[in-house]
Amino acid sequence: MKPSPFEYVRPRDLAEALAAIAQDPDDSKILAGGQSLIPMMNFRLARPARLVDVNRVPGLAGLAADGDRVRVGTLTRHHAMERTPLPGPLGDLLRRAAAHVGHLPIRTRGTFGGSIAHCDAASEWCLVARLLDAEMTVRSQARGTRVIPAADFFQAVFTTAMAPDEILTSIALPALDEHYRTGIAEFARRAGDFAIVAATAAVRVEDGLVTEARICLGGVAEVPLRSAAAERVLLGARWSPELVTAAAEAAAADCDPPGDAHGDPAYRRDLVRALIPRALGLDVRR
Amino acid sequence: MSSAIPLRLYVNGDRYEIAVEPRRTLADALREDCGLTGTHLGCEHGVCGACTVLVDGQPVRSCLMFAVQAEDTSVRTVEGLAPDEERLHPVQQAFWENHGLQCGFCTPGFLVLIAGYLEEHPDAEEAELREVLSSNLCRCTGYQNILTSTMCAARAMRGEP
Ligand SMILES: Cc1cc2nc3c(=O)[nH]c(=O)nc-3n(C[C@H](O)[C@H](O)[C@H](O)COP(=O)(O)OP(=O)(O)OC[C@H]3O[C@@H](n4cnc5c(N)ncnc54)[C@H](O)[C@@H]3O)c2cc1C
Ligand code: FES
Ligand code: FES
Chain Z
1 MKPSPFEYVR
11 PRDLAEALAA
21 IAQDPDDSKI
31 LAGGQSLIPM
41 MNFRLARPAR
51 LVDVNRVPGL
61 AGLAADGDRV
71 RVGTLTRHHA
81 MERTPLPGPL
91 GDLLRRAAAH
101 VGHLPIRTRG
111 TFGGSIAHCD
121 AASEWCLVAR
131 LLDAEMTVRS
141 QARGTRVIPA
151 ADFFQAVFTT
161 AMAPDEILTS
171 IALPALDEHY
181 RTGIAEFARR
191 AGDFAIVAAT
201 AAVRVEDGLV
211 TEARICLGGV
221 AEVPLRSAAA
231 ERVLLGARWS
241 PELVTAAAEA
251 AAADCDPPGD
261 AHGDPAYRRD
271 LVRALIPRAL
281 GLDVRR
Chain L
1 MSSAIPLRLY
11 VNGDRYEIAV
21 EPRRTLADAL
31 REDCGLTGTH
41 LGCEHGVCGA
51 CTVLVDGQPV
61 RSCLMFAVQA
71 EDTSVRTVEG
81 LAPDEERLHP
91 VQQAFWENHG
101 LQCGFCTPGF
111 LVLIAGYLEE
121 HPDAEEAELR
131 EVLSSNLCRC
141 TGYQNILTST
151 MCAARAMRGE
161 P
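Chains as they are written, first to last, in UniProt numbering: chain Z, 1 to 286; chain L, 1 to 161.
Among the clues, some could well be false.
Anything over 10 Å on all C-beta distances counts as not near chain L; from chain Z, calculated [stated by the list, open to error]:
| # | residue |
| --- | --- |
| 1 | ALA22 |
| 2 | GLY34 |
| 3 | GLY91 |
| 4 | GLY208 |
| 5 | ALA237 |
| 6 | ASP264 |
| 7 | ASP270 |
Stretch-level coverage of chain L by chain Z, calculated; a stretch enters the list once three of its residues show a Cβ under 8 Å from a Cβ in chain Z [said to hold, decoys possible]:
| # | segment |
| --- | --- |
| 8 | 12-26 |
| 9 | 37-48 |
| 10 | 57-64 |
Because the hints were derived from the structure by calculation, they are not lab data. Glycine is no exception: its CB is placed at the ideal position from the N, C-alpha and C atoms.
Pulled out of the complex, with its shape left as it was, chain Z reads as follows (with noise of 0.2 Å):
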């Protein structure tokens, strides 16, 4: 349970993170929080030889409404998020769904660029980037700065679009006016345990009618999964807690959930069609 060797490198800025990553991108890491990283490293599953400790890269933390748009620095730590004072919707979302993330001493250390680029399929983050189609701003000395849609940027388990040399510097969310009804729900065995299933959802709702509907489901695919099938159910339609019943029908119907020991598909499923309504607000323990 010790990391093998491996040369450490403090950039005290962007361009020298950069560059340290540019002179070996194949056998080199970034270190953000370390909370998913450093145990790989323990299990001798990663091995880099050479760690580039972004930590005290300044200007990579915090939240700034940027026009229409709040964006989110790649190391504001999930602690962080959980205190974050944005008022509206989408604040409401991310104090939530940052709660879910792990425990304490993890939400300390961990950071939300960190789960978006280890892209886990139950990350809570990657659900929301997903859910809100966030938009990923990522650097490498040789190619400058691109931008990629959330669509395009979860690949598979694990996976993303970044190649090697580029560092995720930050994340653009859409600010939600208070139209949205926004939220989140999650089975696990145990309390901060990765979930087995999660639900994000983002419905704007005007005058009784539905006018945008986003639902994100983790755990039933090897990304984070939109459910077009909900989606279209519940757009255009009179909000109702019915409506969001058949919606999560429909998400359930719609999914091809992966069986492990933590669950079988049928008992995804089930919980699929449990968590929607759930995440938004709606407890249909009935």
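Once you have looked at the hints, place chain L with the ligands on chain Z.
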């Protein structure tokens, strides 16, 4: 490529001049290089919490941080909780009085976690404290006496009877 590099750590107010390889976790540096064996290692992958220490006042898993990352920070371990040789920290006292431990393996992690949290949130309520306690694992007590100890420590730290 990976030989020991000099490192200065501040732990419980004391300065330690040590030399570590970058791969040395903070937990191992505390135990092996600083001789502070109060910090325990259970799982070494972030799950059990036995290794919890405070870095700049925040609880962290010291098995999931490299010692070199703690440079220029202030680290507090279970050895640094008691105010002096004679007295225990209120959380230690409460564990003592309420039978908050059995084998004691998980205890340093719980003490540090709870002390850190209560010092920052003296008015924390039970539901919140239960949530905090869920961070760490105990194989012996069934948690009830840990919770009782925590509630008792919270009252003591607020100066209530
Ligand atoms: C006990 C435990 C329970 C947990 N429970 C949950 C949970 O319920 N939900 C959840 O979502 N997570 C959970 N986690 C994981 C935690 O959220 C991690 O913090 C997160 O997955 C990774 O973020 P990090 O900042 O720690 O990244 P690191 O571990 O530092 O890095 C992870 C990966 O991303 C890469 N990376 C990081 N930042 C960048 C960047 N800016 N640019 C390019 N690449 C980058 C690294 O090179 C590495 O490959 C848990 C972890 C533990 C130990
Ligand atoms: S030893 Fe660090 S969490 Fe178990
Ligand atoms: S007292 Fe034995 S593990 Fe907690």
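Which of the stated hints cannot be reconciled with the structure, identified by number in ascending sequence?
2
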